[in-house]
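Engineer: As a plain string of letters, each chain reads:
Number of protein chains: 2
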Amino acid sequence: MSGIAILGFGVVGTGVAEVIARNRLHIDQKLHSNLELKYILTRKDFPQSPFADLIVHDFSLIENDPTVDVVVETIGGSGSAREFTERALRAGKSVVTSNKELVAAHGYELMSLAREKGVSYLYEASVGGGIPIIRPLKQCLAANEISEIYGILNGTTNYILTRMIGAGLSFEDALAEAQAHGYAEADPTADVDGIDACRKICILASLAFGRHVDPSAVSTEGIKRVSLSDVNYASSCGCKIKLLGRAVMGQDGKIRIFVAPHLIPERDPLAGVEAIFNAITVRGNAIGNVMFYGQGAGKLPTASAVVADVMEAVSRKSDPKYLDWGPGGEDVAAPKDDGIYTWYVRAKEPDALPEGMKQLRFPGEPDGERAFLTQPLTRDDLEKILRNVQVCAAFRLLKTDQ
Amino acid sequence: MSGIAILGFGVVGTGVAEVIARNRLHIDQKLHSNLELKYILTRKDFPQSPFADLIVHDFSLIENDPTVDVVVETIGGSGSAREFTERALRAGKSVVTSNKELVAAHGYELMSLAREKGVSYLYEASVGGGIPIIRPLKQCLAANEISEIYGILNGTTNYILTRMIGAGLSFEDALAEAQAHGYAEADPTADVDGIDACRKICILASLAFGRHVDPSAVSTEGIKRVSLSDVNYASSCGCKIKLLGRAVMGQDGKIRIFVAPHLIPERDPLAGVEAIFNAITVRGNAIGNVMFYGQGAGKLPTASAVVADVMEAVSRKSDPKYLDWGPGGEDVAAPKDDGIYTWYVRAKEPDALPEGMKQLRFPGEPDGERAFLTQPLTRDDLEKILRNVQVCAAFRLLKTDQ
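Order-wise, the sequence lines are chains A and B.
Position 235 of the first sequence, counting from 1, maps to 235 under this note's numbering, and the rest follow consecutively.
Position 138 of the second sequence, counting from 1, maps to 138 under this note's numbering, and the rest follow consecutively.
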């Protein structure tokens with residue numbers, strides 16, 4: 001028998017309790033042991049909940065109960081979530097989390113603490129919701145040198161872009177629709193500005209390249225500047241606009257890491273990732289491109305990833321698997337992205353197109369602006385060429401190898 | 001230091017030797033130990049190979065060398081591959097294989113033998129080439145009841161269909177092109193008739209549902225009957241034709257398992273899986289649909305999966321992870337697929353269309369035949385309705401939930 005405590009009883013916390021209850025037989029059979037949900041830590045009471053009896057308000061009850069083996073942290077943020085995680089690890093309990101903010105900011109310290117205490121700190125649910133990516137990235141791709149990892153990491157922005165592309169909605173209308181469906185928060189900043197995607201690409205890059213990548217090192221651009229004409233110009237050259245988090249290992253051993261809207265050729269499988277779905281592509285020197293696809297958020301998908309981690313923590317209690325990485329530092333990330341890309345540029349009507357640019361057109365395009373694709377260029381060289389041009393949008397084109 | 005022997009020196013065997021040599025530093029760093037390739041068992045000599053010194057012709061050298069920890073079997077088939085696998089396991093060595101025929105036919109016995117001997121028998125490379133699917137299916141989806149698993153499991157047939165769809169080639173011309181590129185064997189029967197896909201869906205179903213599913217239980221239809229008019233009719237209703245292996249868990253606890261061409265709606269991510277790529281979708285009760293995508297064959301992708309398994313076998317030498325399943329039996333699979341599907345039917349010009357059918361048209365469709373989509377029906381009911389119709393093709397439409 002293994003005792004479980006859940007911290008936080010929002011969407012994910014509730015989902016974890018439900019998945020444990022619903023798939024109990026199945027889980028016990030796979031584990032050859034029982035999971036017993038013993039505590040749920042919340043601020044409020046939930047007298048109507050089927051789990052009302054388990055609710056407590058004082059973390060020290062959990063911390064001091066030796067029958068609690070695994071603590072599930074679904075509080076979010078870096079405040080009490082961090083404190084309780086540290087206290088649980090120090091008390092010799094494994095911790096499973098869906099909290100990408102905490103893992104992206106403090107993953108290295110927390111994983112080091114877990115290793116010191118001989119327990120697990122697992123975070124499969126922090127990236128891609130239910131999509132298995134953390135463990136496959138570490139284990140199944142072990143034989144590869146990974147050169148790049150990128151993906152559609154945020155369901156809210158992908159939903160907004162999908163509705164702009166598919167239904168011709170403006171950004172504002174698509175956002176309002178996403179909010180009405182519960183796919184976007186009342187304050188959508190963290191999603192729309194790319195902050196959430198930034199945290200996730202940091203976690204993936206840290207794991208893929210073995211050093212802690214701090215979110216502050218990441219150039220982060222959201223989707224607020226994506227207009228309907230960008231969507232239409234992209235379509236005119238067979239592309240869809242998607243927000244990607246990308247991390248590329250350079251020849252110099254430093255990571256180029258950024259979050260930005262990209263034009264994705266329609267034949268690339270990422271272009272078919274619609275609505276709230278997420279997908280992550282990993283490029284290895286032996287395996288080529290591999291893509292993982294599924295629901296990147298949502299109660300049950302995320303809870304399913306959490307519960308799989310709980311089962312892992314329980315079954316490897318005496319021999320934890322460390323999915324950790326080394327410390328961060330100035331030498332981890334390159335100061336800026338010096339990669340060479342074909343750029344999509346939309347600009348206020350310039351006197352003349354810069355030379356060698358391929359102009360894009362679509363029926364009904366707005367007066368007074370032009371859009372074009374460049375030759376392959378670094379961002380610095382792009383900026384030089386566009387010195388006298390009033391740029392409205394400049395997005396990278398994803399090179400696809402299918 | 002861990003000693004490795006490779007059995008067979010064809011495409012995969014050569015790839016394994018190359019990946020171990022090429023990523024040596026990376027692998028040793030991840031393992032905190034060295035892999036030493038000690039033997040390559042072949043019938044012929046390869047005096048020009050950089051690995052010429054390692055070549056041996058007598059398996060007992062490997063069997064009797066206590067410094068060999070892991071045997072990599074890339075011989076294929078169920079003859080000497082099976083014999084050497086058994087002898088290696090009995091000698092207390094872990095075995096890693098890419099041999100789907102052997103795993104599909106004898107996986108249960110070989111895994112039981114491995115468990116008895118306390119060693120690993122790993123087969124990630126047997127399905128989906130380099131795509132991580134076996135371990136994610138077992139570990140990451142542990143918290144789910146899996147209801148269905150299906151995928152594009154054979155790169156040869158997917159290449160042929162892609163060229164029929166994209167370039168309008170006939171089946172024969174597309175096959176000839178695939179052979180010219182080395183994507184199809186001189187004798188393409190195992191691919192074209194669905195036998196290869198059948199073995200892979202058996203392995204996936206056995207793992208997902210926990211009982212050995214024998215290939216003989218699987219209704220297997222290849223792509224020989226897919227004509228260019230099927231491709232065009234499918235396109236007229238927004239679909240692409242793909243060969244799927246599918247395994248569905250019924251309410252009665254029995255598996256419906258089959259290999260057959262399907263119409264896939266273009267909005268489904270599987271429709272975007274082109275050429276020699278493979279993709280596998282898993283449907284779980286918490287996670288929803290998750291898809292894994294990548295190169296389903298090829299020297300380095302397959303070798304990458306093999307080497308990851310070798311690393312797993314080495315790092316878990318004292319505590320092997322068993323990715324195994326229970327015995328087969330009459331009660332595992334339902335005798336036939338009684339699922340309800342929308343069917344695509346192409347028939348010699350019938351006197352009248354059966355009632356309630358939606359006729360498909362495309363410009364330039366051949367005289368003397370018709371194609372239509374049915375209401376949702378079982379195969380039995382379909383056959384009743386079509387009793388007096390001369391059917392040329394009848395394929396299921398994949399229900400998509402995106």
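Take the hints with a grain of salt, since some may be wrong.
Said to hold, decoys possible - Only pairs whose alpha carbons sit at most 20 Å apart, straight line, appear in this in silico EDC-like list of lysine to aspartate or glutamate:
{"id": "1", "chain 1": "A", "residue 1": "Lys138", "chain 2": "B", "residue 2": "Asp367"}
{"id": "2", "chain 1": "A", "residue 1": "Lys44", "chain 2": "A", "residue 2": "Asp28"}
{"id": "3", "chain 1": "B", "residue 1": "Lys138", "chain 2": "A", "residue 2": "Asp319"}
To be verified - Chain A is nowhere near these chain B residues, computed Cβ spacing over 12 Å in every case:
{"id": "4", "residue": "Asp252"}
{"id": "5", "residue": "Glu349"}
{"id": "6", "residue": "Gly368"}
FYI, nobody ran anything at the bench for these hints, they're computed from the structure.
These numbers come from a predicted model, not from an experiment.
Glycine included, C-beta positions come from ideal geometry on N, C-alpha and C.
Engineer: Against this structure, judge whether each hint is valid.
Structural biologist: Here's how the hints hold up against the structure:
| no. | hint | result |
| --- | --- | --- |
| 1 | A:Lys138 - B:Asp367 | 56 Å, violated |
| 2 | A:Lys44 - A:Asp28 | 30 Å, violated |
| 3 | B:Lys138 - A:Asp319 | 19 Å, holds |
| 4 | Asp252 | 17 Å, holds |
| 5 | Glu349 | 36 Å, holds |
| 6 | Gly368 | 35 Å, holds |
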